[in-house]
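If you read the sequences in order, they're chains A and B.
The numbering used here puts the first residue of the first sequence at 2, with every later residue one more than the last.
The numbering used here puts the first residue of the second sequence at 2, with every later residue one more than the last.
Incorrect hints may have been included.
Treat identical chains as interchangeable: a pair holds within one or across any two.
Said to hold, decoys possible - Here are the computed lysine-lysine pairs in the DSBU-like style, where the Cα-Cα straight-line distance is at most 35 Å: (1) K42 <-> K69; (2) K324 <-> K159; (3) K378 <-> K117; (4) K159 <-> K69; (5) K378 <-> K69; (6) K324 <-> K48; (7) K69 <-> K324; (8) K156 <-> K117; (9) K258 <-> K345; (10) K372 <-> K156; (11) K239 <-> K345; (12) K48 <-> K378; (13) K48 <-> K352; (14) K345 <-> K48; (15) K239 <-> K80; (16) K69 <-> K258; (17) K69 <-> K48; (18) K324 <-> K156; (19) K69 <-> K132; (20) K132 <-> K345; (21) K69 <-> K352; (22) K345 <-> K117; (23) K372 <-> K185.
By construction, these hints were calculated from the structure, which means they are not laboratory data.
Just so you know, these numbers come straight off a predicted model, no measurement behind them.
Number of protein chains: 2
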Amino acid sequence: MVKDFYGELQLGILGGGQLGRMLIQEAINFNVNIHVLDPDKNAPCRKLCNHFECGSLSDYDTVYNFGKELDMITIEIEKVNVDALEALEEEGVLVYPQSRVIRLIQDKGLQKQFFKQNGIPTPAFQFISNKESLKSANLSIPYVQKLRRDGYDGKGVKMIRTEADLDNAFNEPSIIEEIVDFEKEIAVIVARNDRGEVKTFPMVEMEFNPEANLVEFLISPSTYSFEIQQKAEELTKKIANDLQIVGLLAVEMFLTKEGEILVNELAPRPHNSGHQTIEGNFTSQFGQHLRAIFNLPLGDTSARTNAVMINLLGEEGYEGLAKYEGVEEVLAIEGVYVHLYGKKYTKPFRKMGHVCIIHADREVAISNARKVQKILKVIA
Amino acid sequence: MVKDFYGELQLGILGGGQLGRMLIQEAINFNVNIHVLDPDKNAPCRKLCNHFECGSLSDYDTVYNFGKELDMITIEIEKVNVDALEALEEEGVLVYPQSRVIRLIQDKGLQKQFFKQNGIPTPAFQFISNKESLKSANLSIPYVQKLRRDGYDGKGVKMIRTEADLDNAFNEPSIIEEIVDFEKEIAVIVARNDRGEVKTFPMVEMEFNPEANLVEFLISPSTYSFEIQQKAEELTKKIANDLQIVGLLAVEMFLTKEGEILVNELAPRPHNSGHQTIEGNFTSQFGQHLRAIFNLPLGDTSARTNAVMINLLGEEGYEGLAKYEGVEEVLAIEGVYVHLYGKKYTKPFRKMGHVCIIHADREVAISNARKVQKILKVIA
Numbered sequence: 002m003v004k005d006f007y008g009e010l011q012l013g014i015l016g017g018g019q020l021g022r023m024l025i026q027e028a029i030n031f032n033v034n035i036h037v038l039d040p041d042k043n044a045p046c047r048k049l050c051n052h053f054e055c056g057s058l059s060d061y062d063t064v065y066n067f068g069k070e071l072d073m074i075t076i077e078i079e080k081v082n083v084d085a086l087e088a089l090e091e092e093g094v095l096v097y098p099q100s101r102v103i104r105l106i107q108d109k110g111l112q113k114q115f116f117k118q119n120g121i122p123t124p125a126f127q128f129i130s131n132k133e134s135l136k137s138a139n140l141s142i143p144y145v146q147k148l149r150r151d152g153y154d155g156k157g158v159k160m161i162r163t164e165a166d167l168d169n170a171f172n173e174p175s176i177i178e179e180i181v182d183f184e185k186e187i188a189v190i191v192a193r194n195d196r197g198e199v200k201t202f203p204m205v206e207m208e209f210n211p212e213a214n215l216v217e218f219l220i221s222p223s224t225y226s227f228e229i230q231q232k233a234e235e236l237t238k239k240i241a242n243d244l245q246i247v248g249l250l251a252v253e254m255f256l257t258k259e260g261e262i263l264v265n266e267l268a269p270r271p272h273n274s275g276h277q278t279i280e281g282n283f284t285s286q287f288g289q290h291l292r293a294i295f296n297l298p299l300g301d302t303s304a305r306t307n308a309v310m311i312n313l314l315g316e317e318g319y320e321g322l323a324k325y326e327g328v329e330e331v332l333a334i335e336g337v338y339v340h341l342y343g344k345k346y347t348k349p350f351r352k353m354g355h356v357c358i359i360h361a362d363r364e365v366a367i368s369n370a371r372k373v374q375k376i377l378k379v380i381a
Numbered sequence: 002m003v004k005d006f007y008g009e010l011q012l013g014i015l016g017g018g019q020l021g022r023m024l025i026q027e028a029i030n031f032n033v034n035i036h037v038l039d040p041d042k043n044a045p046c047r048k049l050c051n052h053f054e055c056g057s058l059s060d061y062d063t064v065y066n067f068g069k070e071l072d073m074i075t076i077e078i079e080k081v082n083v084d085a086l087e088a089l090e091e092e093g094v095l096v097y098p099q100s101r102v103i104r105l106i107q108d109k110g111l112q113k114q115f116f117k118q119n120g121i122p123t124p125a126f127q128f129i130s131n132k133e134s135l136k137s138a139n140l141s142i143p144y145v146q147k148l149r150r151d152g153y154d155g156k157g158v159k160m161i162r163t164e165a166d167l168d169n170a171f172n173e174p175s176i177i178e179e180i181v182d183f184e185k186e187i188a189v190i191v192a193r194n195d196r197g198e199v200k201t202f203p204m205v206e207m208e209f210n211p212e213a214n215l216v217e218f219l220i221s222p223s224t225y226s227f228e229i230q231q232k233a234e235e236l237t238k239k240i241a242n243d244l245q246i247v248g249l250l251a252v253e254m255f256l257t258k259e260g261e262i263l264v265n266e267l268a269p270r271p272h273n274s275g276h277q278t279i280e281g282n283f284t285s286q287f288g289q290h291l292r293a294i295f296n297l298p299l300g301d302t303s304a305r306t307n308a309v310m311i312n313l314l315g316e317e318g319y320e321g322l323a324k325y326e327g328v329e330e331v332l333a334i335e336g337v338y339v340h341l342y343g344k345k346y347t348k349p350f351r352k353m354g355h356v357c358i359i360h361a362d363r364e365v366a367i368s369n370a371r372k373v374q375k376i377l378k379v380i381a
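Isolated chain A (complex conformation) (with noise of 0.2 Å):
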């Protein structure tokens, strides 16, 4: 443990949506006093801190000054200004994930030569500097075009499936990536502390919503074979070993037709594919990031059960001042639990909330969480 810091720890968050409000609920138990930044004055987290600041996280100073006087940072998004997260580091503020990691993950290029340098399988890629060299690409059409920096929730990605998509392409330096044929999405979480500890939750399966380009269902515990529930889990303790990250880790990966598994991308933070921990696993993923960053000692991550998440999105045709239908009809329903992220306002596909949908019988579970998706929905 850092310090005996209960009461007396001022922990800063960079970032203030669902992920900060969900790690915050989690806060609460253990009596630190938290601090976020973030850009949006309405902030999910605005009202739920000992102090909110309004300002932005790409600022050398407006985080160095956000930062200096605290214990301790974390993230709950990737895009901030790693120099100050550095000159804070070197100031003796406990940065963690260390801006060193944040560094590496920013950049798609550089997440890539980390793989390709530590043996981790990827799909196979190259860099481009801008769409002129995308046309000597060693890479055959189609592959999927990512730009090295700032893209998320599918933004900062494109297709190219024929020559004329060339013209639409990116102009910035990107990699391309070849198109997995993948059997199925998957994503492990791990956790690390400064002692080493280094523990995952279960595999998850992730259905995408590929218009969205969003996880909008996910069910944990997988029902793949313990083979490559395992190959998956260590792949993941390899690459939190590898980082040295403390904090969390969501390494989503391909599970291809052979067998085969491809790391796809790293989140060091909680991520959306953890969601589920929160009624699902003897442990959150907001709980073990805490647990790992205090360095206290990790939380058993089984499943307790069988969970469903699913992401309350924006529906289409509506933006404005978010209305929610269909809440009390879902609670109904056994095993539903409704998180609303506090946003006050909806558009299409922004992610307003998650459901969570537990049962004994993974089926059941599967078709209320069907269910669910028909009757509940984020209009204006």
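With chain A fixed as given, assemble chain B onto it according to the hints.
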């Protein structure tokens, strides 16, 4: 549901202590705006709400002005100005539990009369107006004297064991009550919403710390016979229906050695005997209270596993800025959940937090709880 309130509802909580704090942890999922009134400027809720007001809960104007712009008010402590709540109700503010229920429960004498009128078994009692009238009491010594108003956590209660104790008896309106030679103290929490749906949590068994007169150890679910559990739960439902309460009601009872159940006291709010529901049951008492006051379908109250709850009390001999010993060590034990209440100052027997210990094996849960009790200390 009162209205399509999500994001708009202004909910006031009278009291900003640990019960309010855990209620807020859960209310975050419902996206409501929380307002808290508490006389302590360091109250545990002060940094976790949209609006915190420091002021007296007993003062008419303070409570009335706090509530008049709100949609709904609930309480986490009974000692509040009920006249103000009644006025607010008349002006259309939803007050749950209703002011008449709070008024009844504030007065142990009215509570006893209510039990008598409704055929609810309770220990024999007598009204006492002052110390003098004790001498001509019908009940014979030993008995327990309880102030009619403002007692809580063992305060306002005196054991009259001998004639000599009469000198130190309360000189205020009170009741005297036979001492029940009970087998066990038990409790059932029930919720009722405005459409009349009523649901109980499973009966729990309590172990008191005789010195502090506080629950210090609680086991859920009970291992008493189905008949006893059913009797306790049916009695609790009857009380909720007789009161027509909206919200949670905790009913503390004595189970006598003859298997009889006598109602001891009511609390119309989340209660210390329900903290283990957070990790131990499918719905927590806090989530259930919110479902009830929002007139949503009540949640599944079943136990997920065996849960032991222990109060974390300020250690004897320490007073001042709170420090916590042993948190790291107890978090290394599987199934241990520490909840610190964010109180700045400790004093002997002050409730500083609680710990929930869950395990599939009841005996392991109990023995782990005993370990936690030995290790975890709040000092200054």
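task: Can you give me the call for K48 and K352, within, between, both or neither, at a CA distance of at most 35 Å?
output: both (19 Å within a copy, 26 Å between copies)
message: Within, between, both or neither: how does the pair K378, K117 come out at a Cα-Cα threshold of 35 Å?
response: Classified as neither; 43 Å inside a copy, 49 Å across copies.
task: Can you give me the call for K258 and K345, within, between, both or neither, at a CA distance of at most 35 Å?
output: For K258 and K345, neither the intra-copy (42 Å) nor the inter-copy (57 Å) Cα distance is at most 35 Å.
- request: Have a look at K132 and K345 and pick one of within, between, both or neither, based on CA distance no larger than 35 Å.
  value: Classified as neither: same-chain Cα gap 38 Å, cross-chain 59 Å, threshold 35 Å.
- request: Could you place K345 and K117 in one of the four classes (within, between, both, neither) given a Cα distance threshold of 35 Å?
  value: neither (42 Å within a copy, 50 Å between copies)
- prompt: Given identical chains, is K48 near K378, meaning Cα to Cα at most 35 Å, within a copy, between copies, both, or neither?
  reply: For K48 and K378, both the intra-copy (25 Å) and inter-copy (31 Å) Cα distances are at most 35 Å.
field: Within, between, both or neither: K159, K69 at alpha-carbon 35 Å
entry: neither (39 Å within a copy, 53 Å between copies)
field: Copy assignment of K324 with K156, given that the CA separation must stay at most 35 Å
entry: Only inside one copy: K324 and K156 sit 25 Å apart there, 46 Å across copies, limit 35 Å.
- prompt: Is it within, between, both, or neither for K69 and K48, if the alpha carbons may be no more than 35 Å apart?
  reply: both (22 Å within a copy, 21 Å between copies)
- request: First find the shortest C-alpha distance between K69 and K132 inside one copy, then the shortest across copies, and answer within, between, both or neither for a cut-off of 35 Å.
  value: neither (41 Å within a copy, 61 Å between copies)
- request: Measure nothing new, just compare the shortest in-copy and cross-copy C-alpha distances for K69 and K352 to 35 Å and report within, between, both or neither.
  value: Result: close both inside a copy and across copies, 32 Å intra and 34 Å inter.
message: Regarding K239 and K80, is the shortest C-alpha distance of 35 Å or less found within a copy, between copies, in both, or in neither?
response: Cα proximity of K239 and K80: one copy only (24 Å, versus 56 Å across).
Violated hints, in rising order: 3, 4, 9, 11, 16, 19, 20, 22; the structure is consistent with all others.
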